[in-house]
Structures are given as structure tokens and as C-alpha cells.
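Asker: Got chain A; can you put chain B on it based on the hints?
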Amino acid sequence: MAAACTSASSSSDSAEQDALKALTFQRLHPRTYLERFLAKNTRPDRREFDEWRDISLNVGSISTADGSALVRLGSTTVVCGVKAEIAEPELDHPEEGFLVPNLDLPAICSPKFKPGPPTDEAQVLSDRLNEVLVSSGVVPTASLCIEPGKAVWVLYVDATCMNYDGNAFDATLLAMVAALKNTRLPKATYNEETKRTICSRKVMEPLRIGRLPTSFSFGIFDGTHMLADPTSFEEPLLDTTISVVVDETGGLTSVMQLGLGIVGGDDVLDKCIKAAKTCWRATRRNVYETS
Amino acid sequence: MAQSNFDRRRINGPDESYQPIFESDDELEPKWKPGNPRKGRGARDLRPIYLKAGFISQANGSAYIETEKTKIACAVYGPRQSKTTVYNEKGRLNVEVKFAPFSCTRRRVPIRDAEDRSVAVQIQQALVAAVRLELLPKSTIDIFLTIIENDGIEGCVAAGSVAASVALADAGIEMLGLVASCSAAIVGEEVWVDPTDEEGRIASGTLVLAGMPALGTITSVWQTGSMAPHDAVKCMEACQECCTDIHAVMAQVLLENAGKT
Numbered sequence: 001m002a003a004a005c006t007s008a009s010s011s012s013d014s015a016e017q018d019a020l021k022a023l024t025f026q027r028l029h030p031r032t033y034l035e036r037f038l039a040k041n042t043r044p045d046r047r048e049f050d051e052w053r054d055i056s057l058n059v060g061s062i063s064t065a066d067g068s069a070l071v072r073l074g075s076t077t078v079v080c081g082v083k084a085e086i087a088e089p090e091l092d093h094p095e096e097g098f099l100v101p102n103l104d105l106p107a108i109c110s111p112k113f114k115p116g117p118p119t120d121e122a123q124v125l126s127d128r129l130n131e132v133l134v135s136s137g138v139v140p141t142a143s144l145c146i147e148p149g150k151a152v153w154v155l156y157v158d159a160t161c162m163n164y165d166g167n168a169f170d171a172t173l174l175a176m177v178a179a180l181k182n183t184r185l186p187k188a189t190y191n192e193e194t195k196r197t198i199c200s201r202k203v204m205e206p207l208r209i210g211r212l213p214t215s216f217s218f219g220i221f222d223g224t225h226m227l228a229d230p231t232s233f234e235e236p237l238l239d240t241t242i243s244v245v246v247d248e249t250g251g252l253t254s255v256m257q258l259g260l261g262i263v264g265g266d267d268v269l270d271k272c273i274k275a276a277k278t279c280w281r282a283t284r285r286n287v288y289e290t291s
Numbered sequence: 001m002a003q004s005n006f007d008r009r010r011i012n013g014p015d016e017s018y019q020p021i022f023e024s025d026d027e028l029e030p031k032w033k034p035g036n037p038r039k040g041r042g043a044r045d046l047r048p049i050y051l052k053a054g055f056i057s058q059a060n061g062s063a064y065i066e067t068e069k070t071k072i073a074c075a076v077y078g079p080r081q082s083k084t085t086v087y088n089e090k091g092r093l094n095v096e097v098k099f100a101p102f103s104c105t106r107r108r109v110p111i112r113d114a115e116d117r118s119v120a121v122q123i124q125q126a127l128v129a130a131v132r133l134e135l136l137p138k139s140t141i142d143i144f145l146t147i148i149e150n151d152g153i154e155g156c157v158a159a160g161s162v163a164a165s166v167a168l169a170d171a172g173i174e175m176l177g178l179v180a181s182c183s184a185a186i187v188g189e190e191v192w193v194d195p196t197d198e199e200g201r202i203a204s205g206t207l208v209l210a211g212m213p214a215l216g217t218i219t220s221v222w223q224t225g226s227m228a229p230h231d232a233v234k235c236m237e238a239c240q241e242c243c244t245d246i247h248a249v250m251a252q253v254l255l256e257n258a259g260k261t
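If you're matching them up, the sequences are chains A and B in order.
Residue numbers are given in the working numbering: position 203 of the first sequence equals residue 203, and the series is strictly consecutive.
Residue numbers are given in the working numbering: position 257 of the second sequence equals residue 257, and the series is strictly consecutive.
Okay, chain A solo, but in the shape it has when bound (with noise of 0.2 Å):
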């Protein structure tokens, strides 16, 4: 009896042995570690190279906010807001509203953000996403006129992200648009005479969306190896990472690649772009119909 609870434990013992030799090979090699699952067409956390992690979407759940959405997209958690507010328009656009996306990583999310400004990781993503809602036209900004040249509405898309692991971009991609989606306006009325805009509580109006971007990333890895989806432990040992965002009838609507020139060969935004449309007809599609 003695002799088997010893057996057990040394069993037990030799297996969290090996467990923290691992974990200190992975702090200390981290790119041999991903070079030898690499080698046997795997990856740390046993996905193929083209599998996704499982994404739950939730939206309406935060009453101060007149849309909001979280997002999982694996372990990388998003909470988006939205917040409307009343300005007056541009002197040389006097119709159009003002839509302003922004992206905070904070020092909850992740062990490398400290606290204070936002960082050059912020800023990039913050920038990228503003170019991706404007060009694909998520809301019109004509939709958001309330009297042309006096008063318009003003969308604060505010993003923060609470955990961060990896792929960011295309977590808050998709909890900004379907926080948009599930965004409601009170009915606003510009008064004329006290030169001031009076909104009811009693009627709301959901916004007019144009269209549903969803966001795809992948990540080479020296020069060969695609990776889709990459977490935040590969994140930093990729070359190069390529965004392919695409529209709610599966089109193309951008592309944007960040890092070094692809070394590997031609095809590989080719192959991306496939992936993603492939990724997009058999789990995507749907994905904002959940609101």
C-alpha cells in the first residue's frame, strides 16, 4: 500500500517536474519552443495552423451605454460602448455626423501594459480600426444628421480591452460593429427657435447600418509558416501579420499588413485571402445575428 501512494506520487511528481521544465523552456526559448510544435504541424495551444478560437458574442448588457457588445475570442476579451452625444457639423461637411472609434488597452489586460497614455500598440490599433469603419461604411455619416449645418449626432465608439491574448483587432473589430448594431438614438428634434435640439425618451430608433465587417488575422512566421489567429505568446515572435476584413456578403473590403515584406513567395495574401473567405462562409456569417 505504502509502496503504490509513493509509486503515485513520484508519478505525479516527475509529470509537474516536467511541466515546469517546459514553462521555463517556453520563458526562456520562447521561439525554439514555437519552432518545435512548428515542426510537428502543430501549435502550443494544439490548434491546426488555420483553426480559430471559439468567439462569444454578447451585446446589450450595460444599461449606461446606448449600445455595447463583449466579445471572447478565445481568452481575448473586448467590452465595447457606445455613446452618443450632440455637435455641431463641419462648416465644409454641414450633413454629416461624426463616428469616433477608439481602442484602450489598459494595465488589467496584460502584464506588459503599464498604466498611463496610450501605448504605441493603442494607437496603431486605434488607427487601423478608425480607417477600416470609415472605408467600409459601417454607418453613414449622413445617417446621422440631425439638422444640416446645426446639429449632429456624435457616435464615441469606446473599446476596452480586459484580457489580452493575442489578436486584438479582430476582437474589437467585431465588438465595435455589433455594438453599432445594437446602438439605439433617441428620436432627436432641432428647435428652430431656442436654437437647441430636444430628444424624446419615449421613441428610439436603432441606427442605419450600411455594412458588417468582420476581420481575419494571420501571422507568418519565419517567412513559411501562416498561422491564423495568433495568440499573444506568438504575437511577438511573428514577421509579419496580414488583416483581411471582410463584408457581410463575403466581399473583400480591405487588406492590411504590418511587419516585414513577406519573404516566403507571392501567393501568401492569396492564400490568406482564401483562408478567410473559407473561415468566414462556415463560422462567420452569422455572427452579428446573435444581437
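In case anyone wonders, no lab produced these hints; they're calculated from the structure.
Among the hints, erroneous ones may be present.
Sample of chain B residues facing chain A (criterion: CB under 8 Å; computed from the structure) [stated by the list, open to error]:
(1) Y50
(2) G54
(3) P79
(4) E96
(5) P137
(6) S139
(7) W222
Footprint (simulated), chain A over chain B, 3 or more residues, beta carbon under 8 Å [stated by the list, open to error]:
(8) 38–47
(9) 104–114
(10) 154–168
Simulated crosslink set (DSSO-like; lysine-lysine; CA at most 30 Å straight-line) [what the hints assert, rightly or not]:
(11) A/K202 to B/K39
(12) B/K69 to A/K114
(13) A/K21 to B/K260
(14) A/K112 to B/K52
(15) A/K181 to A/K277
(16) A/K112 to A/K21
(17) A/K114 to B/K90
(18) A/K271 to A/K40
(19) B/K83 to B/K69
(20) B/K39 to B/K234
(21) A/K150 to A/K187
(22) A/K114 to A/K150
(23) B/K260 to B/K52
(24) B/K260 to A/K181
(25) A/K21 to B/K138
(26) A/K150 to A/K202
(27) B/K69 to B/K52
(28) A/K114 to B/K83
(29) B/K138 to B/K90
(30) B/K69 to B/K138
(31) A/K114 to B/K138
(32) B/K83 to B/K39
(33) A/K277 to A/K40
(34) B/K260 to A/K112
(35) A/K202 to B/K90
(36) B/K138 to A/K112
(37) A/K181 to A/K202
(38) A/K114 to B/K234
(39) B/K90 to A/K112
(40) A/K21 to A/K114
Predicted model only: the values in this text are computed from it and were never measured.
All residues carry an ideal CB built from backbone N, CA and C; glycine is no exception.
Answerer: Leaving out everything else, chain B in the frame of chain A:
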């Protein structure tokens, strides 16, 4: 007027934008009058608490608390090496609070202001007596809170302290006991426990109490507004009773979480 200062690190909107003004004759519900009973629950009833530990995989310890309209996420990183070169015998507890821009009725600009810091100081006061900092020289424990939805500042401070305490336990940091915290308000002649934002506004004074029910001690008391001393004592007693209930919920959540891993 909610002014958005030009921040060159973020995408900016127009220079000035203001909150929508609603029609003044939209009084859907009659205002509260003194002598009316509390709406929706008893004077000493807490709102139901939903607490979850360990939901941020990147952090050493984390917790998420939701009580109807207050939603707070908390992460603990530490013990980490202190950034300062000055030798400190006892560890340092650093609490930072951030309100999400969409968490209040009026949009908050992302720049940190005095309200963030005052909530952080109150939560730090509640916790610092409970954590065994003398075991962690030269180290810092960072506690970051993000307030996703805000329903009254007192409620935020109380819920934040509870979440931070669960996150510290989840991170395995040694403490003398779990800190539970609760707020109360004097409305008319009655003591209402766990006031919402609306109720806090009609109250004449509010009080937030934090303590360790396991040891029967109090770690911090903050009182605002005006109330007679005997009313303050009544509030404190009501809070202490509720803290015992909250402690049971916290212990349950931590046990379940430990059982899963």
C-alpha cells in the same frame, strides 16, 4: 458640457459635444417623497451579487463583480519587483481605478481625474490592513480595476473592494482575512443598505464600511453628507451585518474556483 480635449494619442471627435437634453415633461415615474417605502426591495436588503474569480488569464489573480447595474473587473499583478530603487521593508500596495468612458450617464473622457484617484485611495485603505505586506519586501502588488458600469460611487467603492479582495485571494497573496465592504445611506429616518445612484442622491448622508468579518474587525469607514452620530452608528451596524453575508458569497466563489483548477 462634455468637452473632448484634443488628445494627440487618440482618435478625436469634434471640439465640443454635449449630452443629449431630454424633454422635461417625461416624468415616467413619480419622484420619491419622505415616508415612502423603498422601491423594489426592503430597507436592509442587498442587491443580488454575481461574483466570478479567475476570468483574466493574463493576470496572477482576477475577479469580476456584478450587482444589478454596477459591473467591475479587477486584476492583480504581483508580487512584482518594485520600480523604485529605494529599499522598502514592507511591500507596497498600488491600486489604480479606471472608469470606462461608457460607464456613467455622461461620457467620461479617458484622461484620469480626481474621482478615479479618490475611489482608488478608498479601496486601498480598505485592503492595506488585511494584506500581509511584511512578507513581501522590495515588492509591489498592483491592483487594477476597470469600472464597466457605474451605479453610484459608494456602490463602486464597496463592490471594488470586494472584487479586489477576491482577486488577491485568487492570486494566492497572503492575507489576514477576506475584506468585505458595504455601503449604506440615511434616507429620511431610515437606513437603506446598498443604495443605487438614484437612492444616493435623495439620501442626506452615505457611509461605506469595509471590514474582515472572519476576524470581526473594521478596516475602513468613509462617511459623506450629513448624518447624526447615532445614525452613523446605525449605518455601521447595518453594514457589518451585510458584510458577513457578502463574506459567505466570496468564500463560496473562491472554493468553487479552487475546486475547478
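Asker: Holds or violated: are the alpha carbons of B/K260 and B/K52 at most 30 Å from each other?
Answerer: holds (12 Å)
Asker: CA of A/K21 to CA of A/K114, is that 30 Å or under?
Answerer: Answer holds: A/K21 to A/K114 is near 29 Å, not above 30 Å.
Asker: Below or equal to 30 Å on CA atoms is what counts here, so check A/K112 against A/K21.
Answerer: holds (23 Å)
Asker: A/K114 and B/K234 were given as a pair; does the straight-line alpha-carbon distance stay at or below 30 Å?
Answerer: violated (42 Å)
Asker: Take the C-alpha atoms of A/K114 and B/K83, compute the straight-line distance between them, and say whether it is at most 30 Å.
Answerer: Satisfied, since the Cα-Cα distance of roughly 12 Å is no more than 30 Å.
Asker: Given the hinted pair A/K150 and A/K202, is their alpha-carbon gap at most 30 Å?
Answerer: holds (23 Å)
Asker: Can you confirm whether the C-alpha distance between A/K202 and B/K39 stays at or below 30 Å?
Answerer: Holds, at roughly 22 Å.
Asker: Is the straight-line distance between the alpha-carbon of B/K260 and that of A/K112 30 Å or less?
Answerer: holds (27 Å)
Asker: Checking one constraint from the list: CA of A/K181 to CA of A/K202, max 30 Å. Satisfied?
Answerer: The given pair, whose Cα atoms are some 20 Å apart, holds under the 30 Å limit.
Asker: Given the hinted pair A/K114 and A/K150, is their Cα-Cα distance within 30 Å?
Answerer: The given pair, whose Cα atoms are some 41 Å apart, is violated under the 30 Å limit.
Asker: Checking one constraint from the list: CA of B/K90 to CA of A/K112, max 30 Å. Satisfied?
Answerer: holds (25 Å)
Asker: Less than 8 Å between beta-carbons is the criterion; does B/P79 satisfy it with respect to chain A?
Answerer: violated (13 Å)
Consistency note: the structure conflicts with the earlier hints numbered 1, 2, 3, 5, 6, 7, 8, 10, 19, 22, 24, 30, 32, 35, 38.
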